[in-house]
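Working from the sequences, and respecting the hints, build out all of it.
Residue numbers (our numbering), protein chains in the order written: chain A, 1 to 334; chain B, 335 to 698; chain C, 699 to 1201.
The hints are simulated quantities; they were obtained by calculation from the structure and are not laboratory data.
Wrong hints could be hidden among the right ones.
[Stated by the list, open to error] Here are some, though not all, of the chain A residues that point toward chain C, as calculated from beta-carbon distances under 7 Å: (1) 197; (2) 198; (3) 199; (4) 205; (5) 206; (6) 209; (7) 210; (8) 213; (9) 216; (10) 217; (11) 218; (12) 276; (13) 277.
[To be verified] Simulated crosslink set (PhoX-like; lysine-lysine; CA at most 25 Å straight-line): (14) B/567 <-> B/616; (15) B/661 <-> B/396; (16) A/164 <-> B/590; (17) B/590 <-> A/179; (18) B/591 <-> A/179; (19) C/819 <-> A/199; (20) B/650 <-> B/661; (21) C/808 <-> A/222; (22) C/863 <-> A/215; (23) C/1023 <-> C/1178.
Backbone N, C-alpha and C fix where the C-beta goes; we use that ideal spot for every residue, glycine too.
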Amino acid sequence: MEKMTNSGKLGSFKAIISRGNLPIPALLSLLIVSAFTATRSPEFLTFDNFVQISDQASVTIILVCGLTFVILMGSIDLSVQGVMASASMATALLVGNDRNQNNWGYWSIPAGMVVGALIGLIAGLAVTRLRIPSFLVTMATWNIGLGLAYVLFGNTSQPSVKDKGMLALGLETFLGFSKATWIALVVVLFCMWLQTRTKFGRYAYVIGGSEEIAKLSGINVKSFRALSLVLSGALSGLAGSVIVAKSGIGAVQAGEGQLFLGIAAVVIGGTLLSGGRGGILHSVVGVYIMITISVAMILLDVSDFYQQIVQGSVVLLVVSSTAWRQRRPLRTVV
Amino acid sequence: MKVSTGRTKRLVAAIASVGLASTVIMTVGVTPASAAACEKSKIKLVQSGRGLENPYYVAVNKGSAAFAKSVGLEHQWISSEGDSQKQLSQITSILAEAGNCAVINVDPNESSILPAILDAAKAAGAHVVVQWNRPAGVTPLKYGTTFTSFMSEDGNAQGYAIAVELFKAMNGKGNIVALQGMLDNTVAQSRFKGLKRAMKEYPNIKLLADQTAKWDQNEGQKVMQTMLTKYGKKINGVWTANDSMGLGALQALRAKKRTDVGVVGIDGLELAMKEIKAGNGKTGFIATTVSNAHIQGGYGLAIGYAAATGSWDPAKAKPEERAFYLKTVIATKKNVDAASKDLSIGMKFTNIWDAVGSVIPETA
Amino acid sequence: MGIRVKVEDVSMSFGVVHALKGVSIEINDGEVVGLVGENGAGKSTLLKVLSGTNQPDSGHFILNGKKEKFASVADATRAGISMVYQEQSLLPNISVAENILLGIEGEAIKLGTYSPRKVRKVAAEYLRRVNLDVDPRTRTEDLSFGTRQMIEVAKALAVAEFSGKPPVVLLDEPTSVLERKEIKVLFDVVRSIKKETSVVFISHRLEEVLEISDRVYVMRDGEVVSEVKPNQVSVDELFALMVGRDLTQSYFREELTNVPESSNRLEVKNLSGDGFKDVSFEMKKGEIVSFLGLQDSGRENLARVIFGALPGKSGKILLDGERYKVKNTTHAVKCGIGYIPSERKTDGVVLAMSVAENLTMSHPDEVTTLRLFNKGKMNRVVLSWIDRLGIKTPGGDTPIRSLSGGNQQKVVLAKWLMDENLRLLILDTPTRGLDVGAKTEIYAILRDLAAKGISILFLADALEEGIFMSHRVFTMKDGKISAEFPSAPGARPERTDVVERML
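Below, the structure written as structure tokens:
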């Protein structure tokens, strides 16, 4: 009987790389940016700098983990800033603060996550039951989140955190790294486990690869998609709570700039917006790239005007190299 | 042929007067509706700003409320929510309703929307007092009495004043870093110029670096964090163009246990005031400007009201009454208690020109 | 040997079209059942109904003595019936193991958590059963098309067996995308699994059906018209049953054979490109030349290079005596060269567009006035082509995806035929996946073109097609031309001779 062979040395090597699903272009970009900065700035290659970059990246990393699953399935979540706003206000008003008598301590953080998860649930239901595209739904939940935050803000003042534990969480370090960084690490490990070891994670790739095949295989696509939005909401909520610890206040502007940063990080990391490819590690590397660029700008004393050009160029380069590998001769436009 | 002289004369006179009238009309432009004085009960006081989620506008609104109360009227707040077109349409609907008795105290979302607002008000015969933003070349003196007054804060004076406080706390020597606002923003630019001006008078102060933190607290924290990585112990003081960024910088300093560094900002945010009060006057948050929000809200309406009731004629006003900078008042540990009270309480509007700090030159 | 599945009196209509009329068949234990018929005869529909993809209007199935109806694919797979679809149903971005076990992870998933080791083990077992030596962890898109088709078979097997019920695997045209070598492997696998797993097999290639099946049903116009045993019937007889008339003589429209002119249309000298080297040949005006070869023969890329879709490395091409430079496809079209690809659905038609749009897309001049679309012109042009080629479509605005494969291919043909400038038409397996009726119509069109002086270079799908349709046959092997055979009605080269030069 004839056998079809696809193994031997080349086959196993290929299997390992594909199994690993490593974000090669993103890592290379990070390497290049870092190498370039290191040659011009003596402070860049210090442990302290790595600690600071990780700290600055931590909030975005947390929310990007949730965002990645949503994007893997072919949807998008634009509500990040709105969720962070309401979660931040909720957390700041529940932990010991200067505006009311609440004293929930660390429990205010899960409370922030619940707020985020609920907003995510609204989005999830709207997308799966009402069949409205996620782009539109999450723009709406972005506004809902902001609106909720305004209501909590109540025309008075930004609540300021008094709980010592919470403040310590924001300011103190553990084994050299900020506590926020550790939180981010836990989130990443959890989400990597989700991605490789659970139905939810594996099916995210299936649904993103082909929703039709997923349905035909008996997968409950609706549930998983809604779940991804709930998770994204919960993690954005966590990001908002962590910001409360870091900044010491609850603010409607808690999530300012995080949407662009998050989506750019996901794209630069190599997760395709069309779904089915990429993953948590990719996005984490993407965040590091974005943050490293902005830190490098300051270390090199370069004006902010150039930072935007550099960030944009890096995105273009990475996206081109990803698309380059998928080019076909008879296609003019990818 | 002999023509009747009388008829000719009348014809000539008629043609001449039509010619004269049209020339007058053309030179004057849109014929404004009757700008007669308004009766108090007909006056509509309107305050337009970005939105009440921002503590600054909350304070503005309180000032407006204080003035309205002082003359026994209600005022209306409208939020533009960062949308210039929305702001314009909100104002035009109010003008349609209240006509020439509308008094509009507006903080234009963008300078570019102001001419449209002024034109609409002119057609209705109303009065507009403007805060902060106006396009170059559009001034109260040039536009006309519709553009009743313009007030702003002197960014240069502010940047200078807080810098001086910082340098004094540093005993006149050391290194500072600066966190700027959005770089293409005129306010950010004037404030930075103020810093530079102060530095000329303190030759032993050195500016290590300046970067933008986009007016945002979290951004301020991040930028400060990186500056600490780069300059570390070299940093002795931090100048920031607004309190939000300053508070962010303060957090970054706290994370690195740098209790030896002083920070200054602008705006007079409640949190900044609290930090100043809790500090020692030499490190941590040292100084900020006392917020003029309530003054802008209250006196803006007061000036417009005076014009609308006829008690003051903008056409005959002094230059500093048409365009002025508010006074720059600094809050430090010494006067923080007084400075952090709710300043809208006890506002008296006996002299509506109390707010004037200095005139804004026409060329500005 | 008992009856595994009995289909009783199943009927189904799509609007006014009666796809199935009271169809009854039996699938026994341990056998391979073949299903043949023209396009529209109902074969695919029957399989879709059996697999639960579509629900019939009336009728039922009997499994294990019980009456059953399938409301969904899940119902059918629970009953032990799974299908290998015509379109690839594997996800390229996940591993082979995950694809095979998609939806049937069973023990491998506990509490929503995955055990990669278990998944790999089960998958490896099924890969072994289909004789594939592939690491289950391999990313599916890294594998060749043929390998992936076999993985689909493995998957169907796994799905069918997962039910615990007597498994039945339905194969809907599995060979249309495979090379000869791969087909042999598939047949070996089918033979080895049929003891436990009954198989239903559809193919347009009648020899294949006769080779692998134990029994064959012939369908025509939604009904089962005949049941035969392969050893009792020949291909021609089967064909006659299928079409209901005796057309085998003129299947390849030999009566329309033309005599090519004497002057050369195409001269290829020492052309080299990706996958082929030093190829030289000539084609006369109005000549039909076929190229036969296996997967790595280089014939595909040869065709693509001549059309300018791929760059050539060295060599010279003369078109009607003039130097023709391989630049790009736009240049090729301008020079009067047309190309019809094998991947009709991805490279030939734009499924999202209408018939009219597809027809006119390469030659906008025909339907525009001063670069603006002229609706009137468009309608006239489109209708005339629909008429000329006998394209079955309700109208020009019909979305092309709702046409049958054969009619879609006719639209693709029309697209190129519109060019009055057309000198050379290159076709890459143009009749692949089409039914007998559609094929013979296409053959007639090609003969018609040749008679008009257009030269035709085509990569044949099947041996017979290459031999019977052309004036000359070229075989290619390992990137070089290995033989040239003249071919004429009554003087056709021997199949074995040709095959020998291909291998």
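Please name the hints from earlier in the document that this structure breaks, with their numbers sorted from lowest to highest.
-> none
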